[in-house]
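S.K.: Here are the chains, one letter per residue:
2 protein chains.
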Amino acid sequence: MSRKLKVAAAQVGTIHANSDRAETLQRLITLLKTAASQGAQLVVFPETTFTTFFPRYVLSPTELDKYFEKGDDITQSENVKQFFDTAQSLHIDVCIGYAELTSTGDPYNTCVYYSATQGKVISKYRKIHLPGTSEPFDDPTAINQLEKKYFKPGNLGFNAFRAPGLVPAALKKDTTEPNTAGKGDPIVGMMICNDRRWPESWRAYGLQGVELVLCGYNTPNFAPDLYGEPDMDVQAAEREAYFHHKLVLEYNSYANSCYSISAARAGLDDGKYGLIGGSSIVDPNGHTIAEAAGTGDEVVVAEIDLGVCRYGKETMFDFGRHRRIETYGMISSQTGVIEPPLL
Amino acid sequence: MSRKLKVAAAQVGTIHANSDRAETLQRLITLLKTAASQGAQLVVFPETTFTTFFPRYVLSPTELDKYFEKGDDITQSENVKQFFDTAQSLHIDVCIGYAELTSTGDPYNTCVYYSATQGKVISKYRKIHLPGTSEPFDDPTAINQLEKKYFKPGNLGFNAFRAPGLVPAALKKDTTEPNTAGKGDPIVGMMICNDRRWPESWRAYGLQGVELVLCGYNTPNFAPDLYGEPDMDVQAAEREAYFHHKLVLEYNSYANSCYSISAARAGLDDGKYGLIGGSSIVDPNGHTIAEAAGTGDEVVVAEIDLGVCRYGKETMFDFGRHRRIETYGMISSQTGVIEPPLL
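Heads up: the sequence lines are chains L and C, in that order.
So that you can map any letter, position 256 of the first sequence is 256 in the UniProt record's numbering, and since no number is skipped, the others follow by simple counting.
So that you can map any letter, position 331 of the second sequence is 331 in the UniProt record's numbering, and since no number is skipped, the others follow by simple counting.
The set of hints was computed from the structure by calculation and includes no laboratory data.
Please read these numbers as outputs of a predicted model, since none were measured by experiment.
Each pair may be met inside one copy or between any two copies, as identical chains are not told apart.
Below are the DMTMM-like pairs computed for lysine to aspartate or glutamate, each with C-alpha atoms no more than 20 Å apart in a straight line:
| id | residue 1 | residue 2 |
| --- | --- | --- |
| 1 | Lys124 | Glu326 |
| 2 | Lys149 | Glu63 |
| 3 | Lys152 | Asp318 |
| 4 | Lys183 | Asp318 |
| 5 | Lys152 | Glu326 |
| 6 | Lys148 | Glu314 |
Next comes chain L alone, as it looks inside the complex:
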C-alpha cells in the first residue's frame, strides 16, 4: 500500500543582526503558506530560524538574551505564536529550529516537531554535536563559532518518533500482522546542522528504523577544512562547503535507507557573513531529488514514497543480519583518538 507524502524544505535567506523580528516572522509565514499551497504536508525550517545565526558574534549576556525563546513550549511564545497558529490553520506539520532557554535557565540549540493533527509539539531535539570553540579566537579577523559557549550539548538523545496524520489511516496499526516494520505512521528523526556530518547521529536514528531525517542548518560558504589555505579561492571554497554538505546527506541517507530533508539559513548576513543554500530532499539511495536553486527564501517540494526505504533496510543495510556490534565497542566507549604507539 502506498505510503506517499509531499514534503518541503523552507530555505530562509539573509537575516541580519538588526533585522526586525516581526518582519522575519512574516517571511517564515509566507514560506509556510507557499509550501501549503504546493500541497506539502510537512515543511522543515532551518536551525535558529527566527533570528540571524548569532554564535558568530561575541555577545554580552544581555545581548545574547534577545536571541533566545524562553520557556518550555515554543508555541506559546508571544514572539512566534503566530507562526504555529498559521501551521495549525493550514494543517501543515513543521520542524523548526530556535535558540531555547528553558524554564530552568538552560540554553540549547533546539528544534521541535509541531504536528498539525495533534495541534502541539510532539517531539523536541536539542543539538548534540555543537561545533566550534568555547571561547573566541585570538585572531580578530577570524569568524567565531561560539556554540560551545552559548549552548549546552543536547540532553535528549536521538529519539525517533512517529508523525501522525501524514499517511492514510488505513496504514495505521495492523493487529493481524506481527511484523510492523515499514508500516504505520512515518518514523522521523531530527538533527541540527553539524550533527549531519557525524555518522553516529544517523546510525542512532537508523537503528530506530528512521524513514525521514529532518535537519536545519547554518553553514558558512567556505569550508574550514580546505587544507587550511589562507589564500583560498572564494568560489572554490564555496563549492567545497556545498560538496561536503551534499556528501554527508547523500551518504548517510543511503547508509540508513531513509529520506532526508535539509533546510538552510542562506544568504549574506550583515553584508559579510556568507551562508550556503543547498536546501534539499535526498532519497534512500542517496540521490538528491530536489534542491534549492539559490540562496534566498525558497520552498523546495517533493513527493516521496516511504515504501522506497524498505529495499535497502531489507538487503544491503539489513542491520539485524549484517551488523557486528562485537567489533563496535570503541565507538561508544572512547571519545577521542588513541593512536597506535610509535615504532
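Fit chain C to the given chain L structure using the hints.
M.R.: For chain C alone, coordinates are given in the frame of chain L:
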C-alpha cells in the same frame, strides 16, 4: 616536516572460474612491477585477488577447497610465494586479499599487509561485514552472494597499525614531544569490500587516528538497492553501483580525515558476471584524486601527504572535542532495528 609518500591501487581485470592460477599470478606480478616502476611505495590489491570471486557460485566442499590458501602465513604458500618474493625484491609494500583457510580449518575472507622493510606480513585483517545470504537464492536466475556460507565473520577486529619504512626516518619517534599525534610512521587500517559501506568500520579506525585506509573489493556492476526494479536499465544500474562506491569512500574519508586507497577486481567474469572498476585514491577532504580509467588490469598512482590529514582531525572532526559518546550507546549495544511503537 613532509610526510609524503607515493601509493597505488592495482586494479585486476577479468578472472574466470577456469582461469589458470599461474597466469593470474603473473598478471599480479606485472601490476606490482608497473607500480614499482612508477615509484609507488605501497600498492593495494583487490579482495580474493588470486582467483575469481567464487562466492557467486554454489560449490561443493571439494570445489570450494581450491579457492583457499591454506595455513597461517600466506607468504609461504607455494601458490603465491613468488608474488611476495617479488614485492620484497622491488622493496614495495603490499596489501592483498585472499580466501584464507587457517591451520585450524577456519575459513575467512582475509587481507594482509606485507612490509618490504620487515620482509614479512605485519598485519592481517579478516572481513567483518560479510554481505549476502547463508544459503543460495530460490530463484535460479539470481546471482548468489554466499560469503555468509563460505566464510566466518572476521575475528580480528579493526586494528590500525603503523607501516614502517614509508616516511623518512627523521619523522620517527620524537621523544622530546609528548604529543605524537600526526607523527611517525603512517597509521594504516584495512577493510574489505562491503566493510567500506559501513561507517562503523571507518570510525573504529578513525578512533585510532587512521591516515590511510586500504580496501580491496569485488562489486557487481548493478546496484541491488536500485528500488528493486526488475527491468532496470543496465547502464543506469552500473552508474548506480559506481555512485555508491564513490559515495562511501568519499564520505568516510572525509568524516575520518584520512586517505583511502581502493582496488577493484573488475571486468566480466565467465563472460557474464560484471564487476565495476573505479579503483581510486581519495583524500582526507573526500575528493577522489586518482581513479582507474577502465575495468581491466590497471595501476592507479598518486603522491599523498599524510600531513593533510591533520587539519580535519584537529578541527571539524576533532573527536576528543566534539564526539558525545553518551548518546552513542545503541550503536554498539543493539544489532538490529527497534522501531518506535505504532501509534
